[in-house]
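Q: What follows is the residue order along each chain.
Number of protein chains: 2
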Amino acid sequence: MKSRAVVLVSRPHGVAQAENFAIREAELGVLPEGHVRVRNAFLSVDPAMRGWIADRGNYSAPVEIGSVMRSLAVGEVSESKVPEFRPGEIVTGWFGWQEFADVAPSSVVRRVKETDLPYSLALGVLGINGVTALVGLETIGEPRPGETVLVSTAAGAVGSAVGQIAKILGCRAVGIAGGSEKARTCRELFGYDAAIDYRGPGLAEALAAACPDGVNVYFDNTSGAISDAVWPRLAVGGRVVICGTASFSSWDPWPNGPRLERHLLVKRARAQGFVVFDYADRWEASVAKLADWVRAGKLRYSEDVLDGIEACPDALAGLYRGENRGTRLIRITK
Amino acid sequence: MKSRAVVLVSRPHGVAQAENFAIREAELGVLPEGHVRVRNAFLSVDPAMRGWIADRGNYSAPVEIGSVMRSLAVGEVSESKVPEFRPGEIVTGWFGWQEFADVAPSSVVRRVKETDLPYSLALGVLGINGVTALVGLETIGEPRPGETVLVSTAAGAVGSAVGQIAKILGCRAVGIAGGSEKARTCRELFGYDAAIDYRGPGLAEALAAACPDGVNVYFDNTSGAISDAVWPRLAVGGRVVICGTASFSSWDPWPNGPRLERHLLVKRARAQGFVVFDYADRWEASVAKLADWVRAGKLRYSEDVLDGIEACPDALAGLYRGENRGTRLIRITK
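Quick mapping for you: the protein sequence lines, in order, are chains P and X. Positions 15 to 348 (this note's numbering) are the ones given, in order, by the first sequence. Positions 15 to 348 (this note's numbering) are the ones given, in order, by the second sequence.
If you're looking for bench data, these hints aren't it; they were derived computationally from the structure. Just to be clear, a hint being listed does not mean it is correct.
Said to hold, decoys possible - Some chain X residues close to chain P (C-beta under 7 Å, calculated; not the full set): (1) S237; (2) A239; (3) T259; (4) D266; (5) W268; (6) P272; (7) R273; (8) R276; (9) L279; (10) A285; (11) Q286; (12) R345.
To be verified - Derived list of chain P stretches under chain X, where covered just means 3 residues or more per stretch with a C-beta under 8 Å from a C-beta of chain X: (13) 212-219; (14) 229-241; (15) 287-295.
This structure is a prediction, so every number in the text was calculated from the model and none was measured. We treat Cβ as the ideally placed atom computed from N, Cα and C, and that holds for glycine.
All chains, please: the whole structure from these sequences, using the hints.
A: Pasting the structure below:
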């Protein structure tokens with residue numbers, strides 16, 4: 015039996031394009047001892063991938079040229095040479111952009127227990143995105159009922175969960191999204207109290223109107239001009255979750271912006287970088303909480319599914335072109 | 015009996031100069047009921063005063079034109095019409111730049127209990143500066159033994175205490191100061207493990223050499239070019255205490271600099287603004303701890319005493335000219 019894989023063939027400067035990848039097909043060999051063979055059902059396409067293949071230091075080890083693109087995936091165990099896993103189990107983990115993955119058990123992040131819900135959710139609202147939203151908001155944002163939580167990329171995979179969780183926790187949720195359609199999605203699908211199209215005129219004025227008492231928690235996925243408009247609106251004691259910097263496709267040269275130190279001092283505010291992989295101990299409890307909210311209809315999600323491994327090479331660049339509507343996934347098995 | 019006071023007569027753009035103040039003399043009237051009359055011994059000259067008289071929003075209410083310049087001071091109760099205070103007691107509080115202050119008890123910050131030590135310490139290492147150093151370091155810096163604590167304005171009133179407290183807590187202390195003389199003072203008087211003259215060549219290289227394992231805690235009193243060299247050296251999980259922005263004499267127009275968001279994210283670092291007045295509940299215990307360290311010879315200090323109320327109007331501008339050597343104070347009574 016053959017398996018296809020997407021391999022990194024050159025290192026991009028900035029966002030990876032289709033030509034930085036190649037699809038390689040190979041015969042599946044004998045599964046090595048101590049390994050599990052996973053037949054991938056869905057592959058993840060995540061903004062963080064830009065960092066994993068960037069040409070400069072980052073918070074993860076780089077993907078090497080010639081190796082399969084690193085990715086979270088969800089699939090079914092098709093063969094096992096370890097006692098912990100049996101064929102037929104649904105697992106999610108670091109299985110890469112490929113049809114079949116032969117991996118050590120340490121690459122399995124977790125067994126999917128929520129098999130009453132679609133498997134793809136393991137890569138979205140019950141996976142890295144949902145857990146990022148919940149744990150980032152809980153540990154750094156520390157929102158209190160009645161406070162205003164502002165979210166950039168508010169219609170995105172992480173942002174939409176942040177906004178809804180803020181509402182569940184009794185906060186006022188305000189979103190910033192690119193385009194009037196996404197802003198409408200924020201209000202109508204995800205239940206934000208207000209949503210602002212940052213491409214429209216008067217972002218600063220719109221923020222002032224939507225956050226009359228200031229911003230208690232800013233969940234920042236963008237940096238850049240959006241954040242520059244938000245910082246002056248921070249309330250005293252505000253908390254800023256630095257979760258992503260989607261406004262910039264490259265930090266070489268390093269971009270300048272209005273200095274944050276005075277905002278931090280005058281508002282006695284706190285800003286902290288958040289990388290979900292530092293919080294492995296909170297993963298299971300967080301997924302269980304998120305799954306309960308999904309079942310109760312309190313936590314909605316939006317998926318943008320591309321079909322077949324052929325869709326992988328251009329999928330990441332497409333994210334940065336803003337073409338997706340919801341969490342981008344690649345479906346491998348029907 | 016007459017008393018002289020320093021009054022704010024015009025609002026500066028940037029740092030207040032001597033001409034923004036005037037000295038007014040008036041006959042001391044009858045002490046009003048419910049008030050205490052304090053004969054000031056020492057007046058404080060503090061970098062934070064720039065903010066109190068700035069022409070834009072700040073974290074304190076502005077000093078009004080025509081009123082006595084706000085200042086901490088230490089002095090002796092000369093007359094009292096409240097039961098809590100008796101003549102002869104030594105008190106510190108918001109007594110302003112004047113020889114005699116008639117104040118309500120709420121203006122008294124504390125009774126000076128450490129009367130075995132010089133009274134002037136209530137305005138320095140046992141006052142706002144020492145408490146800022148200790149509480150800022152404890153609550154935001156959270157240094158652990160063996161970590162590297164880096165301090166800007168390392169020879170200053172706050173910075174010199176931060177460096178020494180870091181050593182007392184078992185950390186490695188590295189200072190940044192302006193000029194080779196101040197750097198030497200850091201090493202020889204205050205016991206820093208290393209001190210860097212930021213005016214010398216190669217600040218980034220000097221920081222790399224002095225902090226080979228990165229910076230775990232950065233106690234930032236400056237912002238600006240000094241901080242720009244520090245942020246790339248932050249260790250993973252680093253904490254930045256934003257305590258002052260002495261590099262800038264004005265934030266209008268707002269200065270730009272290298273964006274912090276990516277540093278915060280990649281290093282999972284935290285930056286938080288610190289204003290000591292938010293921590294009134296920690297004041298007494300902090301002063302007691304600092305006084306014990308002073309008595310034990312573990313916490314040294316340096317004072318820069320100017321004589322007489324005539325020295326007040328130019329004293330703040332002088333701080334920003336960098337002319338002081340130690341905590342600047344005005345001595346009123348011998």
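Q: None of the hints should be skipped; say for each whether it holds.
A: A quick look at each hint next to the structure:
1. S237: Holds, because the Cβ-Cβ distance from X/S237 to chain P comes to roughly 4 Å (cut-off 7 Å).
2. A239: Hint violated; X/A239 Cβ to chain P Cβ min 11 Å, cut 7 Å.
3. T259: 5 Å, holds
4. D266: 11 Å, violated
5. W268: Constraint on X/W268 satisfied, holds at 5 Å.
6. P272: 5 Å, holds
7. R273: 5 Å, holds
8. R276: 5 Å, holds
9. L279: Because about 4 Å separates X/L279 from the closest Cβ in chain P, which is inside the 7 Å limit, the hint holds.
10. A285: Holds, because the Cβ-Cβ distance from X/A285 to chain P comes to roughly 5 Å (cut-off 7 Å).
11. Q286: 4 Å, holds
12. R345: Status violated, d = 30 Å.
13. 212-219: violated (count 0)
14. 229-241: holds (count 3)
15. 287-295: holds (count 4)
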